[in-house]
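In the order they appear, the protein sequences are chains A and B. So in my numbering, spot 181 of the first sequence is number 181, and the numbers just go up one at a time. So in my numbering, spot 84 of the second sequence is number 84, and the numbers just go up one at a time.
Just so you know, the hints here were simulated from the structure itself, not pulled from any lab data. In this text, all values refer to a predicted model and were calculated from it rather than measured experimentally. Beta carbons: idealized from backbone N, C-alpha and C, even for Gly.
Covered, in the sense of this in silico footprint (three residues per stretch, anywhere, with C-beta under 8 angstroms from a C-beta of chain A), are these stretches of chain B: (1) 1-10; (2) 62-70; (3) 84-97; (4) 101-111.
In silico negatives: residues of chain A with every beta carbon more than 10 angstroms from chain B: (5) Leu24; (6) Ser69; (7) Ala74; (8) Arg112; (9) Val134.
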Amino acid sequence: MSDAPARGIDPRGPRFAAGITSALLLVDVLLGLTGLSTARADAVWFAYQPLAEATFVPGAAEWAIGYASLAQRALDPAFLLLFVIALLFLWGVLSPRTAPWGVLYRKAVQPRLSPPTELEDPRPPRFAQGVGLVVTAIGLALHLAGVPWALPVAAAMAFVAAFLNAVFGLCLGCQLYLLLQRMGLVGRERAAA
Amino acid sequence: MSALVGLAVLLTATVALGVFLRWRQNRPRRHIPHEIVQPERLGADGLGEIATLLQFSTELCARCPGVHRTLSAVAAAHDGVRHLDIDLTHRPDIARHFHVLQTPTTLILDRNGAVQTRFGGAPNRDVLELELARLTSETATHV
Chain A
1 MSDAPARGID
11 PRGPRFAAGI
21 TSALLLVDVL
31 LGLTGLSTAR
41 ADAVWFAYQP
51 LAEATFVPGA
61 AEWAIGYASL
71 AQRALDPAFL
81 LLFVIALLFL
91 WGVLSPRTAP
101 WGVLYRKAVQ
111 PRLSPPTELE
121 DPRPPRFAQG
131 VGLVVTAIGL
141 ALHLAGVPWA
151 LPVAAAMAFV
161 AAFLNAVFGL
171 CLGCQLYLLL
181 QRMGLVGRER
191 AAA
Chain B
1 MSALVGLAVL
11 LTATVALGVF
21 LRWRQNRPRR
31 HIPHEIVQPE
41 RLGADGLGEI
51 ATLLQFSTEL
61 CARCPGVHRT
71 LSAVAAAHDG
81 VRHLDIDLTH
91 RPDIARHFHV
101 LQTPTTLILD
111 RNGAVQTRFG
121 GAPNRDVLEL
131 ELARLTSETA
141 THV
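Bound conformation, chain A alone:
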């Protein structure tokens, strides 16, 4: 912390972090597809999760999550992992310098690579972390509310964005900025000085 504040960040750092994030999100999609959020409310599921208030309708395509209690929804492994990922997104928005994957990159990866040929503005990746936070938070909230498929769908959307960033260097979150601006959600026109 003794050196002067850098004018920019190594652009490979956010892509390294996006690679780890996309791997975690892919695992979470798998957990979601095999877990509570996509489980059907059939006899097999209720054999493991006996509920007093559950009313089982034979043949009806009901989802198990509708019968699960709030605690059961919150203890679903896919929910817990996505919650951790969302906290990491929040960390990346609040304090990008101390976010774990960025620290790991600077401590373990960057010393082994050649110095960056160009530095990048830290604001776009930070904005993209915010987009990831919003997407995962919506998935978590809908899951807690008992909406089936919300969790793996939100994780899959975040995965697509993180994977494209890590592998292709495309930043969907950054490209969204003008769309959000057009909808009036961000970047209001600055009053003439």
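Given the coordinates of chain A, assemble chain B onto it according to the supplied hints.
Positioned in the frame of chain A, the structure of chain B alone reads:
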């Protein structure tokens, strides 16, 4: 088992999307309205004598600085070609006018200021050179 199929579909679709987006940003679009751009309305004092590379950026655009360097280098290597970089962060009116939905977006203007080519994304330097060569030869035949 079906969950693994789902994962495979997700991965394949994502890779296909990435390949498609990368391919598309190197494709010049020429069938666009050939509107005459007035540099004064963008806060610039003039256009290039042969062509102008008009770049639209925002503060939150990760690839804009890289495209800025590429376009500046291309403009510096050609006489009469000028590079203008317009920050749309606080100018949604300009973004609306040119229907800019993503940054960077690059327009190539001819010597009259008419929009000839449009690139969405980060264009490859060779593709840019090709477009400029096309414009330069057209300018030469018209003179």
